[in-house]
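Could you fit the two chains together into a complex? Lean on the hints.
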Amino acid sequence: MCGIIGVIDRNRQLMDGGKIRESLAMMDERGSGEGAGYVAYGIYPDYKDYYALHVFFDNIRENKGALDTLLEKWGTIVHDEQIKTYEQPNIRKVHTPWRYFFRPDRSLMPKSTTPDEDIVTHLVMKVNAEKNGALIFSSGKNLGVFKAAGWPEDVANFYRIEDYKGYLWLAHNRYPTNTSGWWGGAHPFNLLNWSVVHNGEITSYGTNRRYIESFGYKCTMYTDTEVVAYLVDLLVRKHGLSEKLAVRALAPPFWEEIDLMPPKEQELNRAIRLTYGPALMNGPFAICVANEHSLVGFTDRIKLRPLVSGESGDRLYISSEEAAIRRIDPDVENISMPKAGEPVIGRVYS
Amino acid sequence: MTTVHIDAHRLHYTPLNQKIRAAIVNGATEIIIDNVLGQRFIGDGVRGDGVTITVNGVPGGDLGMFMSGPTIIVNGNADHAPGNTMDKGKVIIYGSAGDAVAHSMRGGRVYVRDNIGYRGGIHMKQYMEKRPILVVGGAARAFLGEYMAGGLLIVLGLTGITPISERGVGSGIHGGEILVRGPVDELHLGVGAKQTLATEEQKAMIKPIIEDFAKQFGIDPVPLLASDYTRISPASARPFANKYTWE
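Protein chains in written order, with the numbering used here: chain A, 1 to 350; chain B, 1 to 247.
Chain B with its partners taken away, still in its complex shape (with noise of 0.2 angstroms):
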């Protein structure tokens, strides 16, 4: 294993993002940065499975967008749209994260151990076999799941905040699902969406994504495992095929 160390003190995001492409292209499958603050666009679009870049500090916006491959883990809070239209890949924040967690994320994961802010998820999608998953260990804010068009967003409410207390959830979601731990309440459910109790089954099939988040985040897993889940997923296919258009 080829290890690189990056400061990216007072480093401007584009000369950081040649220098972990430059690690990426001669070989090193972890990449260090250290001293991060502020820095945009940290590892967008790079490729490169068995890559890890470990990002110590509080990376600015859209870390990891398009990213097709690499782990990314935050050691601080991340801002708006960490995972943005995501291929393949994880990134692991070890803090909260801003608004539009996970924006048109198309594949993998990002998983979240504490907060996230406005709109997570938003206008997800997946095709065959790609289902992206975001985690969050917290709680969400309103419009979470907005515009949903496929993947899994789970939310486990474990910060001591209930996980849904906002409005607007899963408001226009068209496909995908949601699966909040607990119960939620009826008043934040958005236009289009509906809520059931998850079956045994369904949580047969989140049961390994939460053992696979709470081993990153050395939580147990056994009452994360035995609660209620709340399953939020679309009323129909076309949500607002009355309001856009006429047949």
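Chain A with its partners taken away, still in its complex shape (with noise of 0.2 angstroms):
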């Protein structure tokens, strides 16, 4: 069981992180205080174009400087700083977090071809696989992870959330139940511009890892969640699947429902089951995947974890529980409940 909750507001209007602490307080049920995350879409216009790179050190001295060397040789770190965090009664600070703002330089690498997305994932992959006391948990551009292990209430007071303002923001309770929690276990995940928050389970791990695996990707974080950040982005980024069709490969309908479809439907089904089979996901889940233009959620095909969703003008909402999404907006209107399997989305007007 974990709590989770999402926002966009489509036409970019920026909301501070507070009434999100304040939503995802109140499941504070829903979590062990082992683990609780938020992440926030527009929040470095300053350096828009960089990388923002959010880092967990071990130990300053020890372990910065080797990913500083690292940085260098492959881009352009044109600022970096220690994120602020406030110290908490509740809150063990194990990890110091601290953000770059990175770039790969193409003069270091001339006629290379290799899009800027797959070095950032690379670098990301290797620092993480390797264990050199330095995590890289956020990769986007203007976005930013914050994320520890404790409750959600504190983790977001380590950081004053609501100091940031975003115009997308995914927050997460956890409750860990097959691995311990750890501040690199806590969600929000995310690779480059992909976050995703999760509530369940996915008992197709295994699968999932060794299929992901094959394209390079590398499994670190020791939970389930992070498999799908890395899905999606081969999925929608790589394969250039839309977001719709990602879900369908996820979470698509059993075969005798494909077999009730009309045919052209039929083929299309068939086709994504048969070519994505690895990419399946079961067990019991609700998620939410957010990049920069939108915002998802859907739930395992026979809904086996709550998702609601909500509107409010420019705004759509989706979490685990209605009353979290009115702690925001008491006035949200057309709360529903999304089909088990089926994605609701919400995208920015440009």
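Everything labelled a hint here was simulated from the structure, so no lab data went into it. Every residue gets a Cβ at the ideal spot worked out from N, C-alpha and C, and that includes glycine. Where hints are given, some of them may not hold.
[Stated by the list, open to error] Covered stretches of chain A, as calculated for chain B (at least 3 residues, CB under 8 angstroms): (1) 23-30; (2) 100-108; (3) 316-326.
[Stated by the list, open to error] Covered stretches of chain B, going by a simulated chain A footprint (3 or more residues, C-beta under 8 angstroms): (4) 29-41; (5) 75-86.
If you want it as structure tokens, here you go:
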């Protein structure tokens, strides 16, 4: 059991993290105080063309130099600083969060046609797999993940989440069940502009992991959710699927349902299931995925975890509980429950 | 009649439930809770016939769990599993409810004016005079009456949505019955469930329940009573006898 909340303002109006914190904190019973986190899009407008790398260092003195050297080998660090944190009685600061604004430098790799995103992905995977006291847990542009092991309100206060203003937020309250809670295991999980929060467990993790690692991604967080971030990166960014078709691949209709579809639909759904069989996720889950343009919520095919959506003007909310949405916006309308396996999608207007 | 008002604004469920229990002990027969938002477990395990608890707002999950006697009226939507393992009394929801409504219920009634989520009435049971009833005014999602062992579910389809449009109705049902106003597509029946057209006798059995539901929400019962009903019941008392056991 975990608690999730996501909101997108389709007109890109900024919301500070204060109400997200309150909303998540009222779902405290969905967690166990072992992990909580937030991601906000639109928070670094001054560095919007740079990859904002958020890093947990075990020890600045021992671990930071190697990362600086690695990043400078591949590109330019235009700015870096410690992420401001504020001591909380219930959070043991076992890592020091740091942020870099980084861009791969073309002049360092003449004639390379590798996209910047692949270079950044490579660096994230390399650093996280080596486990040399540095963990890159956020690597998108103009966005940042803030997470730690603790209760939602304590993690929010640790980062003073209300000081950040974003047009799209995801937040998560963790109740780890199969592996222990730690800073890197808190949600959201992020790669490039993808962020994922998840309630449930992915029992097909082994299959999904083998599949995604065959494309060069590396699973290093000791928990299942990170495969979702890598799967959407593969399916949407690399393979060019729409968000809707990507969800169809991850939580496809049953074969007997496909048999009843009109011929063209059958053909499409068969092709997706056959092509992306190892990406199919089993087990109970309710998931929110975000990128810079959209917020997508969906559940497993037999709806073993809760998910509610609501709208208010330009805003779309998705959460585990209606009350959590109403904590942010008491006048929210169109409260509804997405059908099992079918996505609810909110997209910015431009 | 003694009335007690409780303001639940930013009040955690533990002190809220303590206030409810204290009010009942002190002889309150009507408890009105305002500004409810997300508090789970409201009224759990409380006893007291003749006590009415009015919840104004959107409560959290497991409302009225293990409750035995009181009536809870919710002016808003309920979250997951209202009436979970409830023993006696009534839960009346002026709105919709989430997944697993009336989960493992063992007695009493749950009325939901609008729609319910997945797995309504899952594992509902009955014993001797204890026969729980869930009535849904609107529609139910997939796996209605999953593993149902007893009791009665009625779905009326009054919200303009087909009452049953998803799979797995009565999956593993081995006791109790589900009555749905209008036809149900055979495709939506789960393993171990069968459907028949409700007989006049069976309709007569649900008549007083539908009249009570209609009165509660100010609905005209006449068209509801004139409709045909589909009755979904166990195909056998041991639907998975060959799956999990051998003789």
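Hint by hint, which ones does this structure get wrong, listed from lowest number up?
-> Number 2 only.
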